[in-house]
Amino acid sequence: MAAAVGRICGARLFRNTGIVGPQVCQLSTSAQGWTRNRKLLLSTLGVVGGGVGALLFALEQSVQASGSEAHPPHQPWSHDGWFKSLDHASIRRGYEVYKQVCKACHSLQYIAFRNLVNVSHTEEEAKAEAAEVMIKDGPDEEGNFFERPGKLSDYFPSPYPNENAARAANNGAYPPDLSLICSGRKGGEDYIFALLTGYMDPPAGVTLREGQNYNPYFPGGAISMAQSLFDEAAEYSDGTPPTASQLAKDVATFLRWCSEPELDDRRLMMIKVIGMFSLLSAVVYYFKRHKWATLKSRKLAYKPVSKK
Amino acid sequence: MSLWATLNRTVFKRTSTFALAVASGTFFFERTFDVASQAIFEHINKGKLWKDIKHKYE
Numbered sequence: 001m002a003a004a005v006g007r008i009c010g011a012r013l014f015r016n017t018g019i020v021g022p023q024v025c026q027l028s029t030s031a032q033g034w035t036r037n038r039k040l041l042l043s044t045l046g047v048v049g050g051g052v053g054a055l056l057f058a059l060e061q062s063v064q065a066s067g068s069e070a071h072p073p074h075q076p077w078s079h080d081g082w083f084k085s086l087d088h089a090s091i092r093r094g095y096e097v098y099k100q101v102c103k104a105c106h107s108l109q110y111i112a113f114r115n116l117v118n119v120s121h122t123e124e125e126a127k128a129e130a131a132e133v134m135i136k137d138g139p140d141e142e143g144n145f146f147e148r149p150g151k152l153s154d155y156f157p158s159p160y161p162n163e164n165a166a167r168a169a170n171n172g173a174y175p176p177d178l179s180l181i182c183s184g185r186k187g188g189e190d191y192i193f194a195l196l197t198g199y200m201d202p203p204a205g206v207t208l209r210e211g212q213n214y215n216p217y218f219p220g221g222a223i224s225m226a227q228s229l230f231d232e233a234a235e236y237s238d239g240t241p242p243t244a245s246q247l248a249k250d251v252a253t254f255l256r257w258c259s260e261p262e263l264d265d266r267r268l269m270m271i272k273v274i275g276m277f278s279l280l281s282a283v284v285y286y287f288k289r290h291k292w293a294t295l296k297s298r299k300l301a302y303k304p305v306s307k308k
Numbered sequence: 001m002s003l004w005a006t007l008n009r010t011v012f013k014r015t016s017t018f019a020l021a022v023a024s025g026t027f028f029f030e031r032t033f034d035v036a037s038q039a040i041f042e043h044i045n046k047g048k049l050w051k052d053i054k055h056k057y058e
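Same order as they appear, the protein sequences are chains P and D.
Residue 150 in the UniProt record's numbering sits at position 150 of the first sequence; the count goes up by one each step and never skips.
Residue 51 in the UniProt record's numbering sits at position 51 of the second sequence; the count goes up by one each step and never skips.
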């Protein structure tokens, strides 16, 4: 890009005129400012840049208006906002929903049991959760693979050994891995909440193949996953009433944590960044005034040279 | 003599004491800044963090 611009206008655009140059141009009547060509070039660049930006913005806007799926409404998530952390009680309930409902078909292969420690479970509880599942390990001394209870370092086991087995068991549709689903779908947790609570009868004129369900939030409307969250579809250990929307909200929060386990750290970093940059900008502002004071308060006097 | 002049004479004039002042100043500033940021974060998110709910499970 820089090379192309350089080829068009030569070295003029990048020529270093220094700090004093423009100042002198403004103060003096005899010195020349920008040349006509330079003005023309820069205004052309400005107009073209602005036009391209406006075009991209317009294209992005119009893309959202096409397609037949419904847009998920925005929900008031407790982690929405520059400084708001995830609700860890909700993550814990969401994990219970995943374990009781989603786990039957969906894998969570990038999350390990150790990740739960000090996020939603104590170390003892996470060890107990890991010990409940059997993990394939091996080979042992005789070269055989064997099953053992899980440890903290194990990743969540997948319900199917591979994608083909998953497709064969689910009418040809592959239940996606949920580790990064919240970041991987447009709309994030809003989309997941809307999808899980948005099942309905197909409207007139829409025919579904066998095993498919209608969900207006799913692109195309025909989804192979059946509605799985109903009131009382899972049990909460903390006594929260397990309504369908509560289950969907908690599992969406849990999946946001799976996608971005560092979210709380980022929110804390935001506070630090704002604090540090406000200090630095105060220093920079003072220093700018300090350095420019001389330059701005000076006067240039021209003394005519008499010819002898 | 003012405090600033005293500080200038005893600390900032000599490079060795100046460097020491920079190092120790950094240490204390950073600790204070981190603790303050953490306190603000925990105040904003009171009741939502793991440290607020972990007593239920221990």
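Treat the hints with care, as some may be off.
What the hints assert, rightly or not - Straight-line C-alpha distance at most 27 Å; calculated DSSO-like pairs for lysine-lysine:
(1) P:K136 <-> P:K103
(2) D:K46 <-> P:K103
(3) P:K99 <-> D:K54
(4) P:K303 <-> P:K39
Simulated from the structure, these hints should not be mistaken for lab results.
- [ ] Mind checking the alpha carbons of P:K136 and P:K103 for me, to see if they're no more than 27 Å apart?
- [x] 17 Å, holds
- [ ] Verify the proposed pairing of P:K99 with D:K54, using a straight-line Cα cut of 27 Å.
- [x] 20 Å, holds
Open item on the list: Between the alpha carbons of D:K46 and P:K103, is the straight-line distance 27 Å or under?
Closed with: 31 Å, violated
Task: Proposed proximity, P:K39 with P:K303 (alpha carbon, max 27 Å) - done: Outside the cut-off at roughly 31 Å; violated.
When held up to the earlier numbered hints, the structure conflicts with 2 and 4 and fits the remainder.
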